[in-house]
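J.: Sequence:
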Amino acid sequence: MTEWITTPDGVRIAYHELGAGDPAIIFIHGGFGDRSGFGFQEEYFSPNHRCISVDLRGHGESDKPDEIYIMEQHGDDVAELIRQLGLKQPVLVGQSMGGQVIISAAARHPEVVGAIASLDSPSNIPGWHAYHHGPFDHLMQEGQDIRKALELFLSAAHLPTDDPNRAKNTSERLARLGDRRILNGWKGMMAFDAGPVLAGVKCPYLYVDCGQPRLDLDLLRELCPQVVIGKPVGAGHGALRVAPDQINAMLNRFIQHADAIAAEMVRTGGVFQYTFPERAAG
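Oh and the sequence shown: position 235 is 233 in this note's numbering, straight run, nothing missing.
Hint data in this document are derived by calculation from the structure and do not stem from the laboratory.
It is possible that part of the hints are untrue.
Label pairs and their in silico Cβ distance ranges [what the hints assert, rightly or not]: (1) ASP216 x ARG174: 36 to 42 Å; (2) GLN254 x LYS146: 26 to 32 Å; (3) ALA128 x PRO63: 25 to 31 Å.
Keeping only pairs whose Cα atoms sit at most 20 Å apart, straight-line, the calculated EDC-like set for lysine to aspartate or glutamate is [to be verified]: (4) LYS200 x ASP216; (5) LYS185 x GLU220; (6) LYS86 x ASP257; (7) LYS62 x ASP177; (8) LYS200 x GLU220; (9) LYS185 x ASP135; (10) LYS62 x ASP32; (11) LYS62 x GLU140; (12) LYS146 x ASP135; (13) LYS185 x GLU65; (14) LYS185 x GLU140; (15) LYS200 x GLU262; (16) LYS62 x GLU109; (17) LYS185 x ASP61; (18) LYS62 x ASP74; (19) LYS229 x ASP177; (20) LYS185 x ASP214; (21) LYS200 x GLU109; (22) LYS185 x ASP64; (23) LYS86 x ASP160; (24) LYS86 x ASP20; (25) LYS146 x GLU109; (26) LYS86 x GLU109; (27) LYS229 x ASP216; (28) LYS62 x GLU40; (29) LYS185 x ASP32; (30) LYS229 x ASP243; (31) LYS229 x ASP207; (32) LYS185 x GLU70.
Positions of the beta carbon are idealized from the N, C-alpha and C atoms, including for glycine.
Just need the whole structure built from these sequences, with the hints factored in.
T.: Right, dumping it as structure tokens:
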């Protein structure tokens, strides 16, 4: 059942929830999507956790003001949801663009966020964004065939082992969006600068990479030394749906041991290490 909160600037944010238990988990969708894509995760986690899936402003059943949808505002909206629902340091899980939202929420509102996990969110890493979004930016303008350009961009992030119906599903999803909403979303993504945001993230962080090119993971660790990297096998950008067993297992392990994992990443520089004595006995 859909419920809503109202943000301080009067925008209604839609969400639904299942289950009970702490920490609560908030699922945040990617660009041009909505909260309907986390069914496998809700089924897996709701027996032990309060699961909340959100429509960001401009998406799904939430209000759609005619404005550029910047990541900082999305992050503020998520923090407002946490406060209004009285959640105690939930885990934020963001897919694709949702990853930019969760690091924004964690950096801007550290007191309300317990841990974060991004699922294939390469724009979280400085440099990727300009290199891969940049060549499409001139096509994402008024008067251009923005849907064709966006479908071409989105198609590049999937593997042959992904959902064979993904192209059709993407086309149908975009057909439900007005051009203005697409452009407002794209401009918000293009305006995002991940570096300063990542430097402000201090909570445990799981970054799941599904095979994106040109990721500077060393830079990610430099900015966020507590980050731990996970990789699914044989699944691209839609891994949370095509390989939910792998994604759910990684998320569950991280949620159960987030603080200890983060501390080990800081101690070892991002690589789990055996702790042999300096000299073996005998």
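J.: Against this structure, judge whether each hint is valid.
T.: Quick rundown of the hints versus the structure:
A C-beta distance of roughly 40 Å is found between ASP216 and ARG174, which places it inside the suggested range of 36 to 42 Å. In this structure, GLN254 and LYS146 break the distance hint of 26 to 32 Å, their C-beta atoms being roughly 44 Å apart. Hint check: ALA128 to PRO63, Cβ distance near 27 Å, so the stated range 25 to 31 Å holds. Restraint check: the Cα-Cα separation between LYS200 and ASP216 comes to about 17 Å, which is no more than 20 Å; the hinted pair holds.
The hinted pair formed by LYS185 and GLU220 fails the criterion: a straight-line CA distance of about 28 Å is larger than 20 Å. Between LYS86 and ASP257 the CA atoms are separated by roughly 16 Å; this keeps the pair inside 20 Å, and the hint holds. Restraint check for LYS62 and ASP177: satisfied, since their Cα atoms lie roughly 13 Å apart, inside the 20 Å limit. A threshold of 20 Å between alpha carbons decides the hint, and for LYS200 with GLU220 the separation of about 12 Å falls inside it, so the pair holds.
Between the alpha carbons of LYS185 and ASP135 the distance comes to roughly 9 Å, so the proposed pair stays at or under 20 Å and holds. Distance restraint check for LYS62 and ASP32: the Cα-Cα separation of roughly 13 Å lies within the 20 Å cut-off, and the hinted pair is therefore satisfied. Restraint check for LYS62 and GLU140: the C-alpha separation of about 19 Å stays at or below 20 Å, so the hint holds. A distance of roughly 13 Å separates the Cα atoms of LYS146 and ASP135; the hinted pair therefore holds under the 20 Å criterion.
A threshold of 20 Å between alpha carbons decides the hint, and for LYS185 with GLU65 the separation of about 10 Å falls inside it, so the pair holds. Between the alpha carbons of LYS185 and GLU140 the distance comes to roughly 12 Å, so the proposed pair stays at or under 20 Å and holds. Between LYS200 and GLU262, the direct Cα distance comes to roughly 14 Å. Compliance with the 20 Å bound is thereby established for this hinted pair. This hinted pair does not check out: LYS62 and GLU109 have alpha carbons roughly 28 Å apart, beyond 20 Å.
Distance hint between LYS185 and ASP61 is fulfilled; the C-alpha atoms sit about 18 Å from each other, no more than 20 Å. For the hint linking LYS62 to ASP74, the alpha-carbon distance of about 16 Å falls within 20 Å, and the restraint holds. At roughly 34 Å between alpha-carbon atoms, LYS229 and ASP177 are farther apart than 20 Å, so this suggested pair is violated. Pair hint LYS185 plus ASP214 does not hold up; C-alpha atoms about 24 Å apart against a cutoff of 20 Å.
Among the hinted pairs, LYS200 with GLU109 is consistent with the structure: their alpha-carbon atoms are about 10 Å apart, no more than 20 Å. Under the criterion of a C-alpha separation no larger than 20 Å, the hint pairing LYS185 with ASP64 is consistent with the structure, at around 12 Å. At most 20 Å may separate the alpha-carbon atoms for a hinted pair to count; LYS86 and ASP160 exceed this at roughly 36 Å. A distance of roughly 8 Å separates the Cα atoms of LYS86 and ASP20; the hinted pair therefore holds under the 20 Å criterion.
Restraint check: the Cα-Cα separation between LYS146 and GLU109 comes to about 41 Å, which exceeds 20 Å; the hinted pair is violated. With a C-alpha separation of about 10 Å, the suggested pairing of LYS86 with GLU109 holds against the 20 Å cut-off. Simply put, LYS229 and ASP216 have alpha-carbon atoms about 16 Å apart, close enough for the 20 Å limit, and the pair holds. A hinted pair counts as satisfied when its Cα atoms are at most 20 Å apart, and LYS62 with GLU40 does not qualify at roughly 26 Å.
With a CA separation close to 18 Å, the supplied pair LYS185 and ASP32 stays within the 20 Å bound. With a CA separation close to 13 Å, the supplied pair LYS229 and ASP243 stays within the 20 Å bound. Distance check on the hinted pair: LYS229 and ASP207 sit about 5 Å apart at the alpha-carbon level, within 20 Å; holds. Between LYS185 and GLU70 the alpha-carbon distance is near 13 Å, which keeps this suggested pair within the 20 Å criterion.
Hints 2, 5, 16, 19, 20, 23, 25 and 28, counting from the list given before, are not met by this structure.
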